[in-house]
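*Asks:* Sequence:
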Amino acid sequence: MTAAPLTVLAQSAEAADDLLRARGRFAIGRGRVPIGRLALLLAVCGFSYGCAMGAFAGRPLQCLFSGLKVPLLLAFSTAVCLPNFFVLNTLLGLRDDFVATLRGVLSAQATVAVVLLALLPVVLFVYASTDSYRAAVLANGVLFALATLGGQRTLDRHYRPLVASNPRHRIGRRAWIGLYVFVAIQLGWVLRPFIGAPGMKVSFLRDEAWSNAYVVVARDLLGMW
1 MTAAPLTVLA
11 QSAEAADDLL
21 RARGRFAIGR
31 GRVPIGRLAL
41 LLAVCGFSYG
51 CAMGAFAGRP
61 LQCLFSGLKV
71 PLLLAFSTAV
81 CLPNFFVLNT
91 LLGLRDDFVA
101 TLRGVLSAQA
111 TVAVVLLALL
121 PVVLFVYAST
131 DSYRAAVLAN
141 GVLFALATLG
151 GQRTLDRHYR
161 PLVASNPRHR
171 IGRRAWIGLY
181 VFVAIQLGWV
191 LRPFIGAPGM
201 KVSFLRDEAW
211 SNAYVVVARD
221 LLGMW
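In terms of the numbering used here, the sequence shown has 12 at position 12, counting the first letter as 1, and numbering is strictly consecutive.
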């Protein structure tokens, strides 16, 4: 009864190691993109970190909601950006390389989830060390930034041979980063709360969830003058 979960855990750990090392089915190149494996890593690792992220106030339902929202944030942001990215690559004359770029983009997103999972003990340690909600928000922000750097490392690795073969891939890569960040910020705003402030009722989305992050920030900045 216990062998199956241990086998799945071992296989997942091996897949994560192959992803980080860009070897095996996750190797750099134009071959078939292992979408299923990448999606599984993103879902499992993102869900695990999200559950820990939502554990600050000790509410199981918030843990579940946050666990669902972290992989949703990564996956949906990618899905929204991909059609535009495909058109851009076509306009740049890079369509023949799109499978290789897609492999890099999806591998980068899965890497973010894997790094988040590796940082899970850190966020639990922070929660055990403080009851400050601001400290919890700051800690998770820093950990997400570190995971994003890990994802960029994977993206760089996949893009290096592409740029060497055609320098226009630099434009495509910068465009992807800009577009993805723009979409992810707004989606992250919509999907709040991820941590859940103590005293606030547990809900999947806040009442003002469908507001615009950029409009709110601009209004707050104007209000300071």
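Quick caveat, the hints were computed from the structure, so don't treat them as lab data. Take the hints with a grain of salt, since some may be wrong.
[To be verified] Derived CB-CB ranges, DEER-like: (1) P167 x T130: 40 to 50 Å; (2) I35 x F182: 15 to 25 Å; (3) G31 x F76: 22 to 32 Å; (4) S203 x R170: 35 to 45 Å; (5) F76 x S165: 38 to 48 Å; (6) L88 x Y133: 16 to 26 Å; (7) D207 x R23: 44 to 54 Å; (8) M200 x G31: 41 to 51 Å.
[What the hints assert, rightly or not] Below, computed lysine to any residue pairings styled on SDA-like, alpha-carbon distance capped at 20 Å: (9) K201 x G188; (10) K201 x G36; (11) K201 x L68; (12) K201 x S129; (13) K201 x V190; (14) K201 x A57; (15) K201 x R59; (16) K201 x R32; (17) K201 x F98; (18) K201 x G93; (19) K201 x V215; (20) K201 x A55; (21) K201 x L92; (22) K201 x R134; (23) K201 x G58; (24) K201 x L102.
Quantities reported herein were computed from a predicted structural model and do not represent experimental measurements. Here a beta-carbon is modelled for each residue, glycine too, at the ideal position from N, C-alpha and C.
*Asks:* Confirm or reject each hint.
*Replies:* Results for each hint:
1. P167 x T130: 40 to 50 Å: holds (48 Å)
2. I35 x F182: 15 to 25 Å: holds (24 Å)
3. G31 x F76: 22 to 32 Å: The hinted range 22 to 32 Å holds for G31 and F76, with Cβ atoms some 26 Å apart.
4. S203 x R170: 35 to 45 Å: holds (43 Å)
5. F76 x S165: 38 to 48 Å: violated (31 Å)
6. L88 x Y133: 16 to 26 Å: violated (40 Å)
7. D207 x R23: 44 to 54 Å: holds (47 Å)
8. M200 x G31: 41 to 51 Å: With Cβ atoms ~47 Å apart, the hint holds.
9. K201 x G188: Holds, at about 19 Å.
10. K201 x G36: violated (36 Å)
11. K201 x L68: Roughly 18 Å between the alpha carbons, so the hint for K201 and L68 holds.
12. K201 x S129: violated (23 Å)
13. K201 x V190: Answer holds: K201 to V190 is near 17 Å, not above 20 Å.
14. K201 x A57: holds (11 Å)
15. K201 x R59: Status holds; Cα separation ~10 Å.
16. K201 x R32: Judged against 20 Å, a Cα distance of about 45 Å means the pair is violated.
17. K201 x F98: Between K201 and F98 the Cα gap is close to 45 Å, so the pair fails against 20 Å, i.e. violated.
18. K201 x G93: violated (51 Å)
19. K201 x V215: Violated - the C-alpha atoms of V215 and K201 are around 25 Å apart, more than 20 Å.
20. K201 x A55: Distance ~14 Å between K201 and A55 Cα, so the pair holds.
21. K201 x L92: Cα-Cα ~49 Å, so violated.
22. K201 x R134: With Cα atoms ~18 Å apart, K201 and R134 stay inside 20 Å; holds.
23. K201 x G58: holds (13 Å)
24. K201 x L102: With Cα atoms ~40 Å apart, K201 and L102 exceed 20 Å; violated.
Against the hints set out earlier in the document, violations occur for numbers 5, 6, 10, 12, 16, 17, 18, 19, 21, 24.
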